[in-house]
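Student: Here the protein sequences come in this chain order: A and B. Remember, the working numbering sits 5 above the position in the first sequence when you count from 1. Remember, the working numbering sits 12 above the position in the second sequence when you count from 1.
Rather than coming from a laboratory, the hints here were simulated on the basis of the structure. A few of these clues could be false.
[Stated by the list, open to error] Covered stretches of chain A, as calculated for chain B (at least 3 residues, CB under 8 Å):
| # | region |
| --- | --- |
| 1 | 68 to 78 |
| 2 | 83 to 90 |
| 3 | 314 to 328 |
Ideal Cβ positions, reconstructed from N, Cα and C, are used throughout, including at glycine.
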Amino acid sequence: MNLIGEKISYKPDEQFHLNDVSFNFKKGNLYTILGRTLSGKTTLLKTIAGLLNPDQGSISFEEKDFIKIPVWERNVAMVYQQFINYPHLNVYENITFPLEQRKLSPEQIKKDVDEALKTVGLVGFENRKIQELSGGQQQRVALARSLAKKAKILLLDEPLVNLDYKLREQLREEFKRIFSEGLSQDTILIYSTTDPQEVMELNGEVIVLDEGKVLQKGPAKEIFENPSNLKVAEISNDPPMNVLKGSKNSKNLNFENIFLEIPNHFKNLEDKDYNFGIRASEIKLDENGEEFEIELAEISGSETLLHLKRGNSKIIALIEEVMNFKIHEKVKINFNANKFYAFGEDEKLVSSPYGGTNG
Amino acid sequence: MSKLYTFLKYFFITFWTVFVVAPFLWAVSTSFKDFQSVNSKVTYIPWLDFEPTLEGWRVLIKSPAKGGVDIVEPYFNSIFVTCTASLISIVLGTLAAYALSRFTFKAGFVRNNDITFFFISQRIMPPIVLSIPFFIFLSTIGLLDSLLGLVVVYIVLLMPIAVWIMVDFFNRVPKELDETALIDGCNPYQAFYKVVLPNSIPGLIVAGMFCIIFGWIDFFFAFILTFTEVQLLPVKVVALNSSITPWWSLSASALVSVAPLIIVAFIVERYLSKGNLSGALK
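Can you make the complete structure from the sequences, with help from the hints?
Tutor: Now the structure itself:
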């Protein structure tokens with residue numbers, strides 16, 4: 006009864022948009038697809054919706070060959086990152102459109118639409134024109150239309166990306182509520198995003214996609230704690246995880262003439278060269294620390310992002326207060342060695358502070 | 013500064029209005045004059061300068077047997093040919109434009125843009141190049157000097173305009189709108205007429221207006237492809253001009269032939285400012 010995709014490839018031109026993607030989505034679950042722009046997220050969702058036909062591979066749903074079913078009979082719902090609504094219809098008609106298309110009874114339609122309007126908080130806006138709504142409200146209408154359909158597969162393609170910061174935060178909170186209350190156990194929810202924080206907050210099963218390939222699958226926590234390789238570590242952290250080329254010997258860890266004590270979880274590692282990974286938030290300012298040069302300091306909200314340089318290594322540190330720095334100023338920082346990841350020279354995870362290894 | 017700007021603005025608006033409206037006023041005034049008032053001296057104001065007469069207008073509806081020119085039949089011929097050809101052009105042109113905008117065609121080296129250019133190239137060609145082929149074509153299929161023949165020729169002339177305008181219009185309608193319609197349970201035909209078409213009304217109106225204007229004012233093909241059976245308005249109006257130019261009936265016929273375009277412009281104007289796509293894609 007699941008939505009199963011097997012070895013799906015889509016290559017309309019020189020490049021793979023999807024490359025050997027397989028998945029097994031179970032009903033009643035939330036799946037997030039994490040990947041940078043152009044990683045194939047939208048292509049994957051469109052393939053599931055039926056707007057694109059893969060060159061290779063199969064998709065089946067409820068034991069039926071999904072690829073043979075045209076889009077308009079698949080009973081999926083999709084919300085785009087652009088706010089797509091029908092401009093010639095008002096809010097109410099926008100939401101009833103798919104229901105009327107399915108020829109439901111007027112009573113049923115009214116019930117479903119009222120429910121959906123309530124869920125997204127647009128009661129009282131029924132007769133407004135789409136053009137009169139703000140971006141966030143337009144996206145709510147699109148979401149309401151998808152919810153009212155009670156589709157078995159609900160696809161959300163970066164639904165928050167075109168909203169401003171505050172609205173995004175607010176709608177993200179509401180999404181969590183809607184997903185936990187408003188969905189039936191029959192629904193498969195697939196949510197694509199570039200934002201690791203969204204993935205962690207939604208806390209579903211994650212698929213990390215890059216250049217059309219699946220890099221890692223697993224629960225959000227697992228992706229965060231044990232990224233299977235450097236790419237995943239970069240994609241699943243914002244700012245991306247810092248990478249420091251260095252080595253381990255019997256006494257200490259060494260990179261850019263910095264020597265750190267070997268943390269417990271590295272005790273059993275072979276002595277050789279590694280790519281060490283450390284999150285931006287695990288780097289602290291410290292009088293007794295190592296000296297780095299500031300290349301750029303950005304203040305975002307209540308945090309300061311420091312772009313630092315030493316030798317050939319460039320790293321980003323996330324300081325949780327607003328501070329003013331001069332460019333080219335020297336600062337001293339301290340690495341929390343207990344939070345170090347070790348990736349091999351093949352970029353695969355060797356050791357993580359959370360105990361995971363790659364095989 | 014802003015006062016000067018306001019002054020210049022209204023000055024030019026006034027100037028332009030006078031420039032555009034004056035010939036019409038002159039034509040209106042002339043249509044009520046007789047031979048005497050046109051040819052003796054310059055006259056402006058009815059009843060003071062000259063005695064107005066309806067003779068110029070009466071001639072237009074009198075049958076030729078009674079010394080009239082009877083433009084009523086050519087008038088309805090023109091309306092029929094223009095409207096039929098415009099309607100067919102818009103329907104076919106819109107469908108063609110939608111296909112060109114949404115689907116990818118490949119035939120040898122021919123791509124969508126080449127097909128679009130082929131349509132437009134029909135307008136780039138000087139009409140005179142087409143006159144002989146059209147003449148031979150119509151005479152072969154026996155449609156020379158007939159309304160149907162003119163409709164066929166006008167479709168060839170008008171459809172490129174419709175395709176051109178509508179391709180451009182559809183390209184600006186986000187593709188995601190059609191896709192959403194498909195996902196919401198429309199088959200491709202329903203997506204077209206339930207979602208895309210209602211959002212294309214401004215484009216359809218512009219295309220329709222251009223078709224009507226170009227069809228209505230065409231003199232060249234109406235002149236070449238008709239003789240005695242069928243006549244269109246522009247040909248008939250020009251034919252008024254014989255050895256003695258009857259300025260009064262010429263003015264009157266010019267006014268009645270411009271009237272439909274003015275009416276169309278007034279109706280269309282309010283639709284043009286309405287409806288846009290701003291809600292579809294932010």
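Student: Go through the numbered hints given earlier and state which of them the structure violates, listing their numbers in rising order.
Tutor: Hint check: 3 fails alone, others pass.
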